[in-house]
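Order-wise, the sequence lines are chains A and B. First residue of the first sequence? That's 1 in our numbering, and the numbers climb one at a time after it. First residue of the second sequence? That's 1 in our numbering, and the numbers climb one at a time after it.
Worth flagging that the hints you see were computed from the coordinates, not collected in a lab. The model shown is predicted, which means the values in this text are computed figures rather than measured ones. Here a beta-carbon is modelled for each residue, glycine too, at the ideal position from N, C-alpha and C. A portion of the hints provided could be inaccurate.
[Claimed, not checked] Incomplete in silico selection of chain A near chain B, CB under 7 angstroms:
| no. | residue |
| --- | --- |
| 1 | LEU123 |
| 2 | GLY131 |
| 3 | PHE134 |
| 4 | PHE290 |
[To be verified] Where chain B lies over chain A, by a calculated footprint (3+ residues, C-beta under 8 angstroms):
| no. | region |
| --- | --- |
| 5 | 189-203 |
| 6 | 238-249 |
| 7 | 291-297 |
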Amino acid sequence: MSKFLKNRELLLVAAIAVLLALITLRFPAFVAPSNLARVYNDTSILIILALGQMAVILTRCIDLSMAANLALSGMVAAMLNAAFPGLPIPLVILVAMALGTLLGMINGALVWKLDIPPIVVTLGTLTIYRGMIFLLSDGKWINAHQMSDAFKALPRDALLGFPVLSWLSLLMIGLVFLLMSRTALGRAFYAVGGNPHAAVYTGIDVGRTRFFAYCLSGALAGLSGYLWVSRYAVAYVDIAAGFELDIIAACVIGGISIAGGIGTVAGAVLGALFLGVIKNALPVINISPFAQMAISGMVIIIAVAVNARAERRKGRVILRKAEAV
Amino acid sequence: MAEIHLTPRHIPDRLEGRGARLLKSWESLLLVVACLIFLGNSLASPYFLDPWNLSDATFNFTEKAMIAFAMALVIIAGEIDLSVASIIALASTAMGYAVQLGFDTPALVAIGLSVGLICGAINGLLITGLGLPSIVVTIGTMSLFRGLSFIILGDQAFTGYPDSFSWFGQGYVWWVFSFEFTLFVALAVVYGVVLHRTNFGRAVYAIGNNQTAALFSGIRVARVKFVLFLLTGLMAGLASICLTSRLGSTRPSIALGWELEVVTMVVLGGVNILGGSGTIPGVVLAALIMGMVTFGFGLLNVPGIVMSIFIGLLLISVIALPILWRRARQRLAH
Numbered sequence: 001m002s003k004f005l006k007n008r009e010l011l012l013v014a015a016i017a018v019l020l021a022l023i024t025l026r027f028p029a030f031v032a033p034s035n036l037a038r039v040y041n042d043t044s045i046l047i048i049l050a051l052g053q054m055a056v057i058l059t060r061c062i063d064l065s066m067a068a069n070l071a072l073s074g075m076v077a078a079m080l081n082a083a084f085p086g087l088p089i090p091l092v093i094l095v096a097m098a099l100g101t102l103l104g105m106i107n108g109a110l111v112w113k114l115d116i117p118p119i120v121v122t123l124g125t126l127t128i129y130r131g132m133i134f135l136l137s138d139g140k141w142i143n144a145h146q147m148s149d150a151f152k153a154l155p156r157d158a159l160l161g162f163p164v165l166s167w168l169s170l171l172m173i174g175l176v177f178l179l180m181s182r183t184a185l186g187r188a189f190y191a192v193g194g195n196p197h198a199a200v201y202t203g204i205d206v207g208r209t210r211f212f213a214y215c216l217s218g219a220l221a222g223l224s225g226y227l228w229v230s231r232y233a234v235a236y237v238d239i240a241a242g243f244e245l246d247i248i249a250a251c252v253i254g255g256i257s258i259a260g261g262i263g264t265v266a267g268a269v270l271g272a273l274f275l276g277v278i279k280n281a282l283p284v285i286n287i288s289p290f291a292q293m294a295i296s297g298m299v300i301i302i303a304v305a306v307n308a309r310a311e312r313r314k315g316r317v318i319l320r321k322a323e324a325v
Numbered sequence: 001m002a003e004i005h006l007t008p009r010h011i012p013d014r015l016e017g018r019g020a021r022l023l024k025s026w027e028s029l030l031l032v033v034a035c036l037i038f039l040g041n042s043l044a045s046p047y048f049l050d051p052w053n054l055s056d057a058t059f060n061f062t063e064k065a066m067i068a069f070a071m072a073l074v075i076i077a078g079e080i081d082l083s084v085a086s087i088i089a090l091a092s093t094a095m096g097y098a099v100q101l102g103f104d105t106p107a108l109v110a111i112g113l114s115v116g117l118i119c120g121a122i123n124g125l126l127i128t129g130l131g132l133p134s135i136v137v138t139i140g141t142m143s144l145f146r147g148l149s150f151i152i153l154g155d156q157a158f159t160g161y162p163d164s165f166s167w168f169g170q171g172y173v174w175w176v177f178s179f180e181f182t183l184f185v186a187l188a189v190v191y192g193v194v195l196h197r198t199n200f201g202r203a204v205y206a207i208g209n210n211q212t213a214a215l216f217s218g219i220r221v222a223r224v225k226f227v228l229f230l231l232t233g234l235m236a237g238l239a240s241i242c243l244t245s246r247l248g249s250t251r252p253s254i255a256l257g258w259e260l261e262v263v264t265m266v267v268l269g270g271v272n273i274l275g276g277s278g279t280i281p282g283v284v285l286a287a288l289i290m291g292m293v294t295f296g297f298g299l300l301n302v303p304g305i306v307m308s309i310f311i312g313l314l315l316i317s318v319i320a321l322p323i324l325w326r327r328a329r330q331r332l333a334h
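With the rest of the complex left out, here is chain A (with noise of 0.2 angstroms):
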């Protein structure tokens, strides 16, 4: 039992069990699997973002601009599908995601490079993608009637009876879970964050590991741009706006500690689909939508805490038989 309390995916997956049994008391047509499989695919979005964010907290770092990348890059997809309508929709998301793997690198290089604090960095990018918008765009809306049929289409088109959307973020999942498992980035990125001076004596670089993971969440960002964009059909400077908290919410709901090295790829998951299943209820049990901030909020102080007692340890035994004498 106690070992079931100490695991936050199982908890997790219990709150989000206890949350939908409690809407389904009210409306049960919301656990209909239809209706979970609308809930996961509107949670996209999120999920891919999370997973950009999650690579960056482990390192110890931040990364507050990814909407402000988020909508960069999904204006620059826009602007080019109306300007060459005849341009083929993978190229643009690759365009999108170089866009967005571009920007994260300028907030990693400096991190990296001149040891700026990761919190001060992406506030300042943060608004200076933000202007860039206005500036690329001059601060006019692209409307659907502008975008290409196929590049509003591509997240809707079904495959195997799900929107490609839905696919698309598991596919970043499964890739995520990879690297972190799989790779020695992404050992690196949590050997960095447990302790960057011991992963220097280990042989990593940490600041071309905080790089890197940087790297990742601009491309998430760029990924997530061009879907945000194709899926609500316009792009405007605001887009998005105020998205990065819900990004970081999503990880602190999902167990990944603030303080680096402590996360996993099921964590994130399960904390963007809290957030989801939140969302997506409040209409059905008729709670206004303007409840959600206050909602979400109450839930990341929830979340910390639980986490931070669960964190909390007693001193580290380092020589275990010594103890036991």
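Fit chain B to the known structure of chain A by using the hints.
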């Protein structure tokens, strides 16, 4: 056998004089920048040097600067408070609600200040009582406090503030000196004295430099931090009174994004984001610089979002430049 080179180390037998240190400080650099911007503005626009225009310009930064003083102390102590803009929104909503119930100006002021204090106390309790990281807690309360105003207001707005209430944001104490500017100057003095001339101020620096050492030297770390979060809450309440009075209405999106501008102001003022160093005169100068830049751009018809690019670049470059400068000097020394 390889020869061993001993590199001589110069240990100065005395530190540089007070004047030399003052001359090389971050604050004097800021002062030069402020003077240059002032000069540039007055050359760029013929309307800039009018006393009433300058007085109007102060409204750009006075409310943010009030919070920045308290935020500077919080950041020097190694913490951060990202919920200040949301406290403004919640305090403003509470005051707007009280107006609908028929309360008058003194009660409104009391409500604004106490909502700020309560929010600050909530932050402080979560951070010092439960030992949670301040950045996550205040991101949470940032959502929570503004979320509460959204629940109360939705897409509506509170208006109809009493006439006497408008004095805080629109009134003048003497000639061109507005109430807000006077308050800004008074608070600058108070915070300067508290930080640089009292035991409490020394404790703030000590905590920021080494929390454990501070604890062992007899400083009540948790209590000092709690007071700091109370102060930011109180200042946010005060700023909320001024801003609400100046705008004459309350929407839940009031002061959106101000937390970033306040942090920028503090960091631009030379406060180390990692804690342990920084001064109030630096923050005052940073407030003046940011206020003059935004006002100057406004006179030149530059849109607000372009100004924000400039602020972002300013934030990154003021931190990057000293680092690059130090590296260049080290390279020259070798």
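Quick rundown of the hints versus the structure:
Nearest Cβ of chain B to the Cβ of LEU123(A): about 6 angstroms, under the 7 angstroms cut. The hint holds. Residue-level restraint check for GLY131(A) holds (minimum Cβ-Cβ distance to chain B is 3 angstroms; threshold 7 angstroms). Taking 7 angstroms as the C-beta cut-off, the interface hint given for PHE134(A) holds, the closest approach to chain B being about 4 angstroms. Evaluation of the PHE290(A) hint against chain B yields a held restraint, the C-beta minimum of about 4 angstroms falling below 7 angstroms.
Counting residues of the region 189-203 of chain A whose CB falls under 8 angstroms from any CB of chain B gives 0; the rule of at least 3 is not met. Against chain B, the region 238-249 of chain A contributes 3 residues with a C-beta closer than 8 angstroms to a partner C-beta. That satisfies the three-residue criterion, and the hint holds. For the region 291-297 of chain A, the assignment as covered by chain B holds, since 7 residues bring a beta-carbon within under 8 angstroms of that chain's beta-carbons and 3 suffice.
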